[in-house]
Amino acid sequence: MPVSQYLANIKDTVQSAWEGMTVTFSYLFRRPMTVQYAGPEKAREKHELVQDTLPSRYRGFLEVDLAICTACNACERACPINVIAIEIEKDPANPKLRVMTRFDIDEGKCMFCGLCVEPCPTGSIQHTREFEGTQRTLSNMVLRFVDPAKPAPPYKVAKGATAFPRAVLGSITRPLVKAWDSPPPPLPIESAEEAMAHAAKKAH
Amino acid sequence: MALDQIFITRKFGPNAEQEMILNMGPQHPSTHGVLNFIVHADGEVMEKAVPEVGYLHRSLEKIGEMVSYAGFMPYSDRVDYLAAMFANEGWALAVEKLLGLEVPPRGQYLRAISCELNRIASHLIALGSTAMDIGAVTPFPYALRERESINDLIEALCGARLTYNYHRIGGVAYDVPPDWTPLCRAWLDHFEKVLDEFDRLISTNEIFLKRLAGLAVIPAAMAIDYGLSGPNLRASGVDFDLRKAHPYGAYPDFQFKAPIGRAYAGLSRGGKVGDCYDRYYCRVLECRESATIVRQALDKLPDGDFINPKAPKKAKPPAGETQSRVESVRGEMAYYVVSDGSERAYRLRVRTGSFTAMGIIEEVSKGLMIADLVALIASLDVVAPEIDR
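Going line by line, the protein sequences match chains A and B. The working numbering puts the first residue of the first sequence at 198, with every later residue one more than the last. The working numbering puts the first residue of the second sequence at 702, with every later residue one more than the last.
Note that these hints are calculated values from the structure, not bench results. Cβ atoms here follow ideal geometry from the backbone N, Cα and C, with glycine treated the same way. Check each hint, because a few of them may be wrong.
As the list claims (entries may be wrong) - Chain A stretches covered by chain B per the calculated footprint, using a threshold of three residues with CB under 8 Å from any CB of chain B:
#1 279–292
#2 329–338
What the hints assert, rightly or not - Partial list, derived from the structure: chain B residues whose beta carbon lies under 10 Å from chain A:
#3 G755
#4 P775
#5 G836
#6 T864
So here's chain A without its partners, still in its complex pose:
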């Protein structure tokens, strides 16, 4: 390699490195892209939660407002991976009516695709902007919207109704999310006889 070529190479390299350095240097004076996750103390005092900074379409944890749920099972059928479990029984007090004894959403299995939200006739099931649900026990990720002691009756849609009164998004799910180190729930079926009885009941 001739000396002139050698020197030209050095000149080109230094020049392009300098060019790159000027770009890097200019980044010192730009607004940082980073967002403080937990927020400084001031933001916490003002109750500026991360959830509130997310766009309204954000697909976080699912939430069901049982007050306007018609128990139509459309969401359960739309889900490709059976995240939602609904059980409907006859009301023991009034056998003509039905009640929901179970409405479970397994947030640990959910892939947050939003396919269950679309067929809902009343907008009862919605994605919230909640996303912090770390759990030490996976089964604690299951959100139980129906208290087994208090079965929920289905909502009756008034004729011609287009709007439905829905609770504030997130107000139902937020209290249901457990603390990260809460103990696992008791196993629903304890003995072999109970399991047999459960299976027989299901088959029936």
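Since chain A is already given, all that's left is putting chain B on it; use the hints.
Coordinates of chain B only, in the frame set by chain A:
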């Protein structure tokens, strides 16, 4: 022959004892995912590098036969996590073809907008990681910084940052949110400046140019023989873009170029058509083209439905078979669907660009240095989940 020798010969070939066998991956930071290369090397020079794929196989095609047509849409996100919009669109196009369903113009435009934004996001990762694999760490966070803005835009549009699940059979899931269009336009103005800056930062860097110029050249004939597609094929000088050759959706309405390789590194530096730098620089140019497509689509965005109101809630296409092709970020993505008239596909096959790009590595890697393999993989822009599905 001892048993271990038989094993070595079977696995690595008859010359195994004379060669140095090097396993690159599956947990190697520069293989872009869980991907293994068995490198047959003589010192630093490779005899060949054989890709071993299958570590990320998730049997998505089988899952497609288990879930309903609408239910496969979130799974198609997982075919290629960096370009989920294209996998969505390919699946939607295939099922629409089976059903004979039309997409309203607004839906088609929204598809084009979301796809092209996603193309920019994916190319930014490719550009940044190409630079990082070669040793220039700075461009990668800068590229990610810009990608975050696209993620914010797409998050406002469809609610997710990675697995979008935005397209639906017959259109798209949501309309443009209010005040989104000016935000998108402002970001595009900003982005074109950033690309110029990116060129100053790394694309015109002398060291970077000389490192990639004339490296791992794929001639046009060879690229066609091995079935390369997308930017990898165009970098070899073949002008083939599905958006132009077989237009789908709203693409016939837009004016754009499909950049092809022209030895951008410069002949004086030893640049050749189809070298690593061409593959890199074609992606930079494609980012610019995608930005102009988004701009045109925002200008012309028609009114009307964004999803066909006749789209069935439960798709049950008549028996038959069909194929859909989309120009994905990593080449042609094709869905082949066989329907038997039920709610689920009878057979589903996904063709992806990364898988065919893996086939050419063994041929191109002959005579390269081991360190150049990293540059070759990065310039082909393979994504491991897309290889295996």
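Hint check results:
no., hint, verdict
1, 279–292, "violated (count 0)"
2, 329–338, "violated (count 0)"
3, G755, "violated (23 Å)"
4, P775, "holds (3 Å)"
5, G836, "violated (13 Å)"
6, T864, "holds (7 Å)"
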